[in-house]
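Trainee: Here are the chains, one letter per residue:
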Amino acid sequence: MDAAYLRAARKYRQDCNGWQQLHGTNSMSAFRESVESMIPALRRYARALARDADIADDLVQDTLVRALRSEKLFIGGDLRSWLYTILTNLNRNRRRSLARKPVFTELFDNNPDASGTEAEGRDISRALAALVEEQRSVLLLVMLEGLSYREVADIQGVPIGTVMSRLARARAHVKAYLDGERPALRAVK
Amino acid sequence: MTEPNISVTEDELHAFVDNELPAERRADVDAWLATHPDDAERVASWRAMAELLHARYDAIADETVPKRLGIERLVQQPRRWIYGAVAATLVAFVAGGSAGWLARGAAATPSTFRNFTVDALDAHRTYVVEVRHPVEVAANERAHLQQWLSKRVGYEIKAPELDAAGLKLVGGRLLPGPEAPAAFFMYESPSGERYTLYTSRAAKADATQMRYAAQDKDGAMFWAEKGVGYVVSGPTDKDRLNQVARQIYDQTEKVGG
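Residue numbers (this note's numbering), protein chains in the order written: chain A, 1 to 189; chain B, 1 to 257.
Bound conformation, chain A alone (with noise of 0.2 Å):
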């Protein structure tokens, strides 16, 4: 078990621990059913962050499987940022294993996913691509799943000045592309 996995099940485990006795012997359904009502948000919220939609298929599959096998670590709390803390964490673990894996890329951009949508969902979908991995995740917590600062910060174990700054950026970098602008040349004006 890592570290990380461990501590977001503790730290959501102290922020609850009246939730048991409360829900008593149905905890576990009701675990359950929680963690499904979260399944088409996560599948939304992964597919902005991977793209390719088996991947994001996949990153849903691992961070319910970890959740279901946690059931009796978590008792209660929030559910939801811990989910996404999980999701968050194997995509960044799945972006660097990649390091020492070949990269495929498709040869010609005839990706299905985006040739049937209007120009304008095909454009902030490469503008998501162009940032660096956390100003991403935290542009789509905050902006598509609508998770506060505070949430946002524990998901990615920094303070909240340092979501605001990411926040900001990725904003100005997506608003530069869909102006128009070349990110590459953004740095040197």
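What the hints contain is simulated information worked out from the structure, not anything from laboratory work. Take every hint as true, because none was put in to throw you off.
Within a straight-line C-alpha distance of at most 20 Å, the following computed EDC-like cross-link-like pairs (lysine to aspartate or glutamate) qualify:
#, chain 1, residue 1, chain 2, residue 2
1, A, LYS175, B, ASP38
2, B, LYS226, B, GLU179
3, A, LYS175, B, ASP11
4, A, LYS175, B, GLU10
5, B, LYS67, A, GLU33
6, B, LYS151, B, GLU225
7, B, LYS226, B, GLU156
8, A, LYS175, B, ASP39
9, A, LYS175, B, GLU51
10, B, LYS67, A, ASP57
11, A, LYS175, B, GLU41
12, B, LYS67, A, GLU36
13, B, LYS217, B, GLU193
14, B, LYS217, B, ASP122
15, B, LYS67, A, ASP58
16, B, LYS238, B, ASP216
17, B, LYS158, B, GLU225
18, B, LYS67, A, ASP52
19, B, LYS67, A, ASP54
20, A, LYS175, B, ASP18
For clarity, every value in this text was computed on a predicted model and none was experimentally measured.
Position chain B relative to chain A; hints supplied.
Mentor: Positioned in the frame of chain A, the structure of chain B alone reads:
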């Protein structure tokens, strides 16, 4: 609205859009935006950006959840995910680097194992199905095979004797490994069950306990000793795999890596 006394910072503009601003300051920002068109334009662009994100991705949340993500399925068939869970846990250790999430001390060994085991299982799956060319050098050239592989992997390796487990050496081959070339030996039982041993340098891995991972129809036992990693792969019968792995362990111990 009166002009705010203190000018509005960029942080406050973001907080304003994200509903993170204290209620008493919101009116000040409204007033500020009325007189600062550049800031008003930025705020409007961030709101438009949020709408673009929702327009692009909300549909995914409305899709029917794929069967493989069904909770019942994940709860009822935990064994299928043992390998994935093990891999995910091990992968998590890889992230020991800079983010500050993970305990540093334990970081090196499991990532080595993860790479090892994934590579070894890949090799196992690739070659056990081969009928005509399962190995590069066959068992009748055992001495040559051992000499060649020892030279390439950089430590003395002998193909273990597994007669006691009812397994005969088929032969071996050289493979790329996570850190250095890997030696790969294949064994076969009279009924055609195949087991493989995959071994390579694992500089960061010191002595560790034997671990088990399973994926689909294949299982793997892995351990490391004196900077050398070993993975024994075979059918998922854990007791049988354990028996084979123990015999290999006992023999490699004498060689000493």
